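Okay, here's what each chain looks like letter by letter:
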Amino acid sequence: MNGGIKKRIRFMKAMNYGFAVLGLVSTFVGLILLGTLLLDLFMDGRERLTYSFLTSFPSRFAEEAGILSALVGSFLILVVTAAAAIPLGIAAGIYLEEYAPKNWFTDIVEINIANLAGVPSIVYGLLALGLFVYALKLGQSILTGGLTLALLILPMVIMATREAIRAIPTAIREGSYAVGATKWQTVQYHILPYSTGGILTGIIIGLSRAIGETAPLITIGSLTFIAFLPESPISGEFPFISLKWLSAPFTVLPIQMFNWVSRPQPEFQINAAAAGVILMLMTLLMNGLAIYIRYQFRKKIKW
Amino acid sequence: MVNEPALQTPKAEAKNLNFFYSAVHALKNIDLPIMRRKVTALIGPSGCGKTTFLRCFNRMHDLYPGNRYAGEILLYPEGRNIVSPEADPIEIRMSISMVFQKPNPFPKSIYENVAYGLRIRGISKKAVLDEKVEKSLRGAALWEEAKDRLQKSAFDLSGGQQQRLCIARALATDPRILLFDEPTSALDPTATTKIEELIIELKKEVTILIVTHNMQQAARVSDSTAFMYLGEIVEYDKTDKIFTAPSQRLTEEYITGRFG
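The listed protein sequences derive, respectively, from chains C and R. Everything in the first sequence is counted per the numbering used here, starting at 1 for the first residue and increasing by one. Everything in the second sequence is counted per the numbering used here, starting at 1001 for the first residue and increasing by one.
If you're looking for bench data, these hints aren't it; they were derived computationally from the structure. Where hints are given, some of them may not hold.
Straight-line alpha carbon distances no greater than 27 Å define the calculated BS3-like cross-link-like pairs of lysine-lysine that follow [stated by the list, open to error]:
| hint | chain 1 | residue 1 | chain 2 | residue 2 |
| --- | --- | --- | --- | --- |
| 1 | C | Lys302 | R | Lys1147 |
| 2 | R | Lys1147 | C | Lys183 |
| 3 | R | Lys1125 | R | Lys1102 |
| 4 | C | Lys183 | R | Lys1125 |
| 5 | R | Lys1203 | C | Lys300 |
| 6 | C | Lys300 | R | Lys1108 |
| 7 | R | Lys1108 | C | Lys302 |
| 8 | R | Lys1152 | C | Lys299 |
On a predicted model such as this, the values are computed, not experimentally measured, just so you know.
The shape of chain R in the complex, shown without the other chains (with noise of 0.2 Å):
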């Protein structure tokens, strides 16, 4: 594992990434590699700014007035800078997709919030559309559950389905980088095991960033672990090293349950 040629490759990249809401000084000097096509875990103590830190890769925190980025998140290969103000956040979010900390299905049939993507791209042609969210559905082990049932809303789906459909919804325009915010924090076990199931399957065709409550599914699901405190990256590493044996007390102290 350690010398395979692809953990040595960045997806995308924070440098010196700084983020403000209004006078808070929220994400600090931040600096971390996220590899292509592996799971990069971020865990910590609530308020840590794990999610702050998230929500930077697809630009989230412009929906909102006094937010402000400095420092870099490159995306590779180009390596451009996707939090300078010159570049647009809906062009990032259509590469960078994101699924929640509660299922947010919208209030429409299943077939329609996993088309809604390709929808608000100008893509109209109904068998693009039928042969896109029938793989967006497998590719969140969702088909077979769905395909019969297509049409209906989907808030008709059991929480953990929902969760899925999102993930189908976030597949479905086929972005580089997929996010997600504790996207089993509202789920029952049986749903948790099958979406961590899935992120480990999805690994293979995309780089994912989970923030993570749970050390445990940090420790199940990563290939390396973040741990964040106060705003910044107090150690980075390869998940083993991480939960084995890690090099700082702090990082130490959170995952033996001391704090946090």
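This is chain C alone, in the form it adopts within the complex (with noise of 0.2 Å):
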């Protein structure tokens, strides 16, 4: 009896630690395979990151070829994303968990806004193509490319908006109320000052999902190859800001990789690698960004 237990227990331990070593694998699974990606990228691209890499036009030269025209593409698809998807993300996420009554209407808006996010971006791709380019004659200009991956990233903003709200107590927002608040002073200074961390999170977690994608840029008619930039939205005459820039044509990292790679000349696919680790790099970057941000958050606010 005693023995059979101790076997029992011996039995046990060595499950407990099977299971141990299984974990320990899977996660290095993930991070070795990362780890090899980029090492792999940056040994094949090595020689091309040079400073005049980042500030040379396209070439038919691969030597000389570079990614500027990608990179302010990329910074200004970015910027457009960010200002259509930010202000519509919050509203709709403050909307629907502080405002929206809840009945069946408002279940079937979440559900659509939850299955959005799962829909395949080449399809936003086809909507954005109908939608921008040809009813709204936006063209296949940086405006229409910004607002073709905010419709992308939009579920998941609102989504991270939701969230973070809902991590706010229930006990703060009675606090405010039994006070005399209404519901737009709780959401003005509350709801939304203790949610930041967790929207700035989704949202740069959203614009570094936004800034890798490829297909629904080129469906919408991204060009591959730009030897110019778009005009400055800053100029030396009044009225100082210009929105010129918004209807130029553009090209961005990754579609500027893609025609690297399809080349047949292996001198470009240095280039694609190259493209390809700045491009990690900058994800890595804001994803970082986004940790450190959580981080600051829930160092100032502990519920």
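Join the two chains into one complex using the hints; note that each chain is given alone, in its own frame.
See the structure below:
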């Protein structure tokens, strides 16, 4: 009897140990894959990772080609995406959490938003082609590209907002209402400030996904070879701000990369790898920023 | 005490008040006066409706769907019914404040916690806010501990201090009635004693309605006590009377600890 129990305990401990090993291996599979990918890209592209690679336009000579127009394109697209998706997403998230009555209609809205997050990005591209390019005649422009990616990350922003808001205890809301605050005052003084960390995190993760998107931008007609920059948004003459860049054609980093990958000359593969490293670094940087912001806000507000 | 005229003046009065959570009939035909500048305690076993009743006074139930009031809570001297659909909950809450079961300070500075009620009323003059914040913190017996750290986060305070901060927050807007929902149930005995002393001090200025689970607390702080059971008021009388010679058998059984 006694020996039986000891044997049983030994067996259970072995199982426990076995899972620890399995878990460790599973964790490392992801980590090692990412590390290898980065290292491989870096090794392939390192000879092209120079300052002039960042400041040159694409060229038919691989050694002279750079990613300037793609970099600027990616940045401007993100500006439009952020400008559209952030206010819409936050407003929708606040409405659904704080204002919307709980009924079948809001249930349907909620299910749809969850589903939107899972729609393949190329489908958004088709939608944008029909809506922004043909119906609204916005052209194959930075504005169209930015709005397309805004559609793509909108559900992410909405869901991040809702989750951040849901983490605020009911007691805080009641404390605000109990001294005579309106709903909007409660949102303005409490809900928004306390959920900023979570919302920002969601936004940055959304944008870091947007920066790597290729398919929907190809669908709406992004170019693959651009050897000029859009007009500067700031001008020397009155009114100093120009919006002409919004209607300029564009390319973005992943498309530039795709363009180089699809060329037969092996030198361009080096360019593609170098562009890949830059893209990965930008994504990692943005995700790192998201983690940092989350950490900072968690330090300040603990429920 | 009995013949003191103030005891005869109600600040508010529930008249045939009924309350429904959707289909659940939570409060039944409640009649109860809340005497001016006195402490009225609500006692009773869990689920008897005492917190539900308390939360009718500042219309907290309006925050959630499906709730319905019937009957009246009259606010004196003007005698208007604060649970009627015509009464604006925001306006009611501006004159009837509440302190909750668990301290719920905002994650802001001590100063901003107290100033909040004034800010939402559009008061932003620093001199006015400074004065009100000090007066309220003094009123909540927190000034001495907080005066050197007004800009520090309210979350750095201890539980008892946080609850006194919440009292200061409620006082800052000069409420006509102050509602306490088991204000010491999350506090240690020392902090509890401080809050109880504060409640006795506060009734000089403001009418108080307190829900408590702790019968000794009701005996210590209140002037009159209502015993509730299953959504009804079983007995209401002066606190001494309730705890020494209750007229109902149910009240006696409850206060002697035979159920609840």
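Do the hints match the structure? See the list:
{"no.": "1", "hint": "Lys302(C) - Lys1147(R)", "verdict": "holds (24 Å)"}
{"no.": "2", "hint": "Lys1147(R) - Lys183(C)", "verdict": "violated (31 Å)"}
{"no.": "3", "hint": "Lys1125(R) - Lys1102(R)", "verdict": "violated (31 Å)"}
{"no.": "4", "hint": "Lys183(C) - Lys1125(R)", "verdict": "holds (24 Å)"}
{"no.": "5", "hint": "Lys1203(R) - Lys300(C)", "verdict": "violated (36 Å)"}
{"no.": "6", "hint": "Lys300(C) - Lys1108(R)", "verdict": "holds (10 Å)"}
{"no.": "7", "hint": "Lys1108(R) - Lys302(C)", "verdict": "holds (12 Å)"}
{"no.": "8", "hint": "Lys1152(R) - Lys299(C)", "verdict": "holds (15 Å)"}
Comparing the model with each earlier hint shows violations of hints 2, 3 and 5; every other hint is respected.
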